[in-house]
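A.B. asks: Now that you have both chains on their own, put them together as the hints suggest.
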Amino acid sequence: MPFKDMPIRRKLMRIIFLICGTALLAMSISLFIYGSRSFRKSSLEKLSTIGKIICTNSTAALIFENRQDAKEILAALKAEPHVVTAVLYDEKGKPFVHYPSELDTNAFPLRPGPEGFRFAHSRLEGFQPVVMETRRLGTLYMQSDLGDMYEEFRNYAIITTLVMILSLSLAWMLTRLLQKNISVPILALAGTARMISDKKDYSVRAVKRSKDELGSLTDAFNDMLEQIQEQNLALNEFNQKLEQKVSERTIQLENLNKELEAFSYSISHDLRAPLRGIIGFVTILEEDYTSRLDDEARRITTIIKNNTMKMGHLIDDLLAFSRMGRKDIEKTTISTSAMVEEVIREVAPDDKNGHIQWVIDSIPDVKGDINAVRQVWINLISNAVKYSAKKAAPVIEIGFISRQGETIFFIKDNGVGFDEKYKHKLFKVFQRLHSTDDFEGTGVGLAIVEKVIAKHGGRVWAEAAVGKGACFYFSLPD
Amino acid sequence: MRYVFVTLLLIINLPLVAQAPLSREYELKAVFLYNFAQFVEWPPTAFSNSEAPLIIGVIGKNPFGTRLKDIVSGEKVNGHDVSVQYYDNAEDIGTCHILFINLPEAKKREQVLQLLKDRNILTVSDAPGFPAEGGMIRLFTRDNKIRFEVNLEVSRAAGLSISSKLLRLADLFTPSKNS
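Chains as they are written, first to last, in this note's numbering: chain E, 1 to 478; chain H, 1001 to 1179.
These aren't lab readings, by the way, just hints derived from the structure by calculation. Since the model is a prediction, treat every value here as computed from it, not as a measurement. Heads up, a few of these hints could be off.
Computed, partial: chain H to chain E, Cβ under 7 angstroms [to be verified]: (1) Phe1039; (2) Lys1165; (3) Leu1166; (4) Arg1168.
Every residue gets a Cβ at the ideal spot worked out from N, C-alpha and C, and that includes glycine.
Same shape as in the complex, but just chain H (with noise of 0.2 angstroms):
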């Protein structure tokens, strides 16, 4: 009897036990999102003038909840406010900076980023095998640390320059490795 009370304890249990640790991934995710935006710098024409918002964008599902909002209500960077905005087809993004691609499918992330391939846009991820897909960074836990993938060809391509503080914090993607 106390065997069965002890394992339904842990049947009670494990979905606490899961989505706790979920939730605070996206929280920190969220986090590293804003905190992105401090070691990038965009082309003077990513903003129509110095007064103009840094957009962080989230196509796909909304992972965050509000607290992405809640993190960059009130910051700055380089002078700029910034907003979040969130899409639900690649068509609709507007003016945008950094983009969080949330879409489980390979070949809707492709057609996002084949459509935002000429942009100034940071596009990330935690997809695997984001960054072969033509990804910008790709989030990833190890250790049970959050840590990012950069893929430099790709960035340097869309006129984005990333400070090497993050990059000494990143690992590096190279095409022939991975093909």
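Chain E extracted, bound-state conformation (with noise of 0.2 angstroms):
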């Protein structure tokens, strides 16, 4: 896992770790280094001060060339194991004793060397003049294996490595309890955040458990919580007013739209008695006067009863279209196939040379109320008829889309057509897009397709384009 993705606890004590451990080798190694120099250094002035001694005892020795006095002197370095060679040489620089007694001769200088010792290889070696006053009696040579500093380089060793064990596991002890300081509160609040977004509650607080960033970091945490939980609370009461409000809004709308339907009911209702009246009386004018009036006079007659028809007409359908309103849709199922044919029978029982050519799909049955579907069909068709009817040959198809959950009817025919930017007007009351010269009608024929559709679940629109016909669609679910 690289080291930025760890988790932070295992973070901290890397981190605390590495410090301690690279302070400590650091120390260790500068200790080393000191202690193998002040080491050497003393190691050197001791087998010079060994060998000032020995000087200083082998004078008599050398000066009256006694051999044997001169080896029990050498004899005596048995007490320092590391000095493994000595040699005395005398006046004219030829050895005169060498310790041990033993040794091979091929195994120290022949003669005297440069005075001091020196580090050589694996060992400490050197020559010191034997001197008494000003008198060079002779020199000695002594040689000291670095047994005893390679001893104390272990020594050193391990206690280092205990020391270094000993404080890196104290060290890691104490990280791991002065860690949660700082990683408790942390993942703490990672926690809380954590339980806050799954269960969605904002109620949960955070706990405080100091008073530095992490403290501030929980206090600023909670008072988001605190925000979220006042919005959140103040949202939903705006929700509820809203749809109070909505629903309040909409009972009105509904008894008032009642009302507006009854209204307009009841004067469709009352309008068309005193018409039934007048188109009576232009009839009585036709019939019994028709010898008493001149051409001018029976021409206005004329217009007044074609006038008077066109807005029975107006009345029927406002009539109709209110109903519509009124009446809740009863739910059979509807033999669609039967019902399109009655209604082609029904809309064009002129065309009887055959005039438009009819493409009927097999139309699938549907749910739906049977008297106002068939509203819906004769809308549609009769439409089709009326916008095609001054095309030489007229094509109109009838057929269906199934998807899921509903089924799509479309009726296309390859009339007049109309401009698209006009289609938000298409199913409004009274909207037309075509002059009642051209096409007759009282434009509340599709608001009837529109309301009877939208009361069934369904939806329903057009496709269109000037010239080259309408397909119209409604959908009506399953």
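C.D. replies: Right, here's the structure in full:
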């Protein structure tokens, strides 16, 4: 695992361990260097001191050429096991005695070398003059193995390792204890944050353990939670109020709508009675007084009758539209293809010479209010017939598309079509895209279609282009 | 005839063979006399001043020839020049630090020792029984090497301090052993 992805607890442990280890190592190395230097110095001094003692003691032996005595003096070196070789040279530089006595003569220099002790290879060796007053009596050669130095180094290494292990384990224990001060609040904070995001419970609070930056972080975290909670509360409250308001308004609107529908129904109803009177009297005028009227009066009478009839249609449509709005739908299974055939016969009875080409798919049955859906088919098919009537070869295609949970029907013609930018006006009451002079109509048919389909839980839409026909779609849920 | 010649040769050679170690012996003994000076400490009163010479005297027949003089010439012991003096009679001995007594008769030796009793003079001789007579150092030959025997009691009585380094090389004379 890379360092940056480690848990914070291990990161802290690693950092502290690394610092301790490095410091200890640096200290041990410097102590070791210092120790080895001073040990070398002291071994040099020690050997030199031993040499001085031996030189001083061996003056008489050299002067009186007493080998036995000189040997005994050198034999005292047994007390210092690291001195492995010692040789006394006489005044002329010839080896006088050597230690140990069984030593081979090849094992030491045959003639004295320059004064002083030095480190060579793995030993310390050197020459020291034997002097009495100003008189040079001879030379002492001594060689010491560095066994004691190595022994010292080994002891040092053992002690250093032990101390290091001890202090590192102590540091480890202390770190384990002390890192909790930092890691525990962070882990607690992280745990709280995770719990909150999992359970979406913003009422939980992190526990503050200290007054340091972690403490203020906890405070800030808790403050944020508080704010979120408050905002949530306000939002909920607002939502509830809004819902309430919406439902209130909806009820108000529904009531208003009902009132309006009742109003328009009664108006339409009431308007029909005087209209019937007008039509009745105009008919009487036409039938009984036609001989007494001149041509102009007869023309005007016809215009009055036509307009009155038109107004009657308008009122009928309006009544149908408002009735549709007031009536509840009753769903039954509708045999759509039978219904469509019936409707075609009804709306195009005069198309006996097969002027219109019908392309009809085998349409599936659907569920819906039988009268309302028939009205939809009547309105859409009659529109198609109406708007393609002026074509030389009108083609009307009726088909369907099955979708998940719904069936989409379409009625396509190759008539005059319309400009799609007026699409939004299509299904509004009394909205017409063509003039009454070109095509008859009251502008209520598509509004009724829209209302019926909406009541069934479906949708209505259209595609068209000017001069290229139109296609109306409506969907009914299964 | 051949045997006679060999025998003659042996006879002729005898004095030569005998004389050679003798002269070497005294040559060594002369060196010893000088070297003793380095391991013996005299009381300050033994020198009239710090510049005064250390005197090595010989009484009786001089066995060293000029050898002793050659050895000490130019040498210094503790800052003192070293000089050699020869005496015929004990009465002639003035300032002296080391005295080699080469008198064959024990009686004469004892007379000299008696005379020098209270003076700080290191007495040396190669006469056997010299320590028993009250002398301080006797030189003798052992294993073809010159050795010496020291009568510490006498040297101490004379106010002389002999270095332990020297004593380590010496045989120590103990009166009880000899009496």
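A.B. asks: Tell me, which hint numbers fail for this structure?
C.D. replies: none
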